[in-house]
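The listed protein sequences correspond, in order, to chains A and B. Terminal number for the first sequence in the numbering used here: 246, no gaps in between. Terminal number for the second sequence in the numbering used here: 214, no gaps in between.
Any given hint might turn out to be false.
To be verified - Some chain A residues near chain B, calculated using beta-carbon distances under 8 Å:
#1 TYR76
#2 CYS126
#3 ILE188
What the hints assert, rightly or not - Dumping the calculated DSS-like pairs for lysine-lysine here, alpha-carbon to alpha-carbon at most 27 Å:
#4 LYS32/A / LYS175/A
#5 LYS70/B / LYS106/A
#6 LYS9/A / LYS100/B
#7 LYS40/B / LYS173/B
#8 LYS40/B / LYS92/B
#9 LYS170/A / LYS32/A
It is worth saying that the hints were derived from the structure and are not from the lab. Just so you know, these numbers come straight off a predicted model, no measurement behind them. Virtual Cβ for every residue (Gly too), placed ideally from N, Cα, C.
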Amino acid sequence: MEHLELFFKSIFIDNMVFATFLGMCSYLAVSKKVKTAVGLGAAVIFVLAITVPLNWLLDQYILQPGALAKTLGPEYADYDLSFLSFILFIATIATMVQLVEIVVEKFSPSLYNSLGIFLPLIAVNCAILGGSLFMQSREIPTLGLALTYGVGSGIGWFLAILAIAAIREKIRYSKVPAPLRGLGITFIITGLMAIGFMSFGGMLTGGDEDKGESKTEQAILKKDTVKENEINKLSENGENKTAINQ
Amino acid sequence: MGLLSKKDAKLITDPLADNNPITIQVLGICSALAITAELKASIVMAIAVLFVLAMGNVVISLMRNIIPSKIRIIVQLVVVAALVIVVDLVLKAYAYDLSKTLSVFVGLIITNCIIMGRFEAFALANGPWQSFLDGIGNAAGYGIILIIVGFFRELLGSGTLLGYKVLGDPIEKTGVYAFGYENNGFMLLAPMALIVLGIIIWVQRSRNEALIED
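Given the sequences, and given the hints that come with them, work out the whole structure.
See the structure below:
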């Protein structure tokens, strides 16, 4: 149950792209075609599933305050190496990505051909480092949950890039104002998608937030419904007009 | 510009507008969006990136002839990570509350694409002084966008700037609130950063039509 909850949460509620904006650079650069987007998305799931549990082990047995006591003996209990976490995490990620690249190239050339070109890109994808850093700051308790979190966030990222790539393929045929073409409209679409994804927010936490938060949320919801009503009215007017014209 | 030659000055001024790292080169978007709900956090983030990018560019440029090209990404990452640790510790020591607001995003400067992008594109091929100027210019271009987004989100979202109530008090109905103005809480939510950025791109590209994509 715990696993399922975390899995769902990391895909929809704390979606890497829509809630925390991680991995936006490659999200924007590689989302022009669905096919390449799927390749990169799969590579991200794969690398997150490996690096998050690995960094969890590093965090538990080396980096946390007092963690060295578990590995080296009680006389090291006073050491706090947590300031080293950035450098160790990124080193793990960079070497794992390189290692995965070599292994995949050796054993599955066809997979390498579809994933390979994306692997170097991934070492500097903030979604990967972000996954490890959030794992650390949210204090995920067990190795199994860390794996679930890694896979879940990877799938969330995959979903996001797949969706935007599909939309961008279609929007090429629409009449977008010239200065907005390309980057601008992609930003605005992503913003709208993020607003959509926010509606998942209440699904797991419903009821137990503190009142201050829920008040602002209600206010926002009200504004949303007001806007929707306006939009509905506008579209109704539009339909009436077209009906009259016909 | 007595100190800088014309070419050097161009290194600084180009990224400010026509070759802006965020709106034109599409680098370093992640942090631009996540931490801009307050102007103060945006300014601190801009300064942190300025430090890391300028220093990192100099270091990489000094080492450019001895780094084997196969492992250059790991070397670059280690240099950035070391600089970011410095920034993180300084923030924790002198601005603890802010470092809590920025949370993991200080660490994510490491994978900020602006930094790797400038290392690859500039510092590996140019001397330390030019690289330093390039770092300053690009970080400033990044900072400007961050500050513009932060300014609008804080002003429209909570009616304050740097924590000062510039629009009056929303509870006692002073200032513009006396005329029925309301804060738009929506601006504080993450998705609005994307839309504000989209509008900035729209404005910039309508002013300079050479930048329009096809």
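Open item on the list: Does TYR76/A hold up as a contact with chain B if the rule is Cβ-Cβ below 8 Å?
Closed with: 21 Å, violated
Task: Distance restraint between LYS9/A and LYS100/B, which requires alpha-carbon spacing of 27 Å or less - done: Given pair LYS9/A, LYS100/B holds - Cα atoms ~23 Å apart, limit 27 Å.
TODO: Sort out whether LYS106/A lies within 27 Å of LYS70/B, counting only the CA atoms.
DONE: Holds. LYS70/B to LYS106/A sits at ~18 Å (cutoff 27 Å).
Task: Hinted pair LYS40/B and LYS92/B, Cα distance within 27 Å - done: 16 Å, holds
Task: Agreement of LYS40/B and LYS173/B with the hint, judged by alpha carbon distance not exceeding 27 Å - done: 25 Å, holds
Open item on the list: Would the hint on ILE188/A be counted as holding, given a Cβ-Cβ threshold of 8 Å to chain B?
Closed with: 4 Å, holds
TODO: Take a quick look at whether LYS32/A and LYS175/A sit within 27 Å of each other, Cα to Cα.
DONE: 17 Å, holds
- [ ] Go through the hint on CYS126/A and say holds or violated, using the shortest Cβ distance to chain B against 8 Å.
- [x] 4 Å, holds
Task: 27 Å limit on alpha-carbon distance, applied to hinted pair LYS170/A and LYS32/A - done: 10 Å, holds
In summary, the structure is inconsistent with hint 1 from the numbered list given earlier, while agreeing with all the others.
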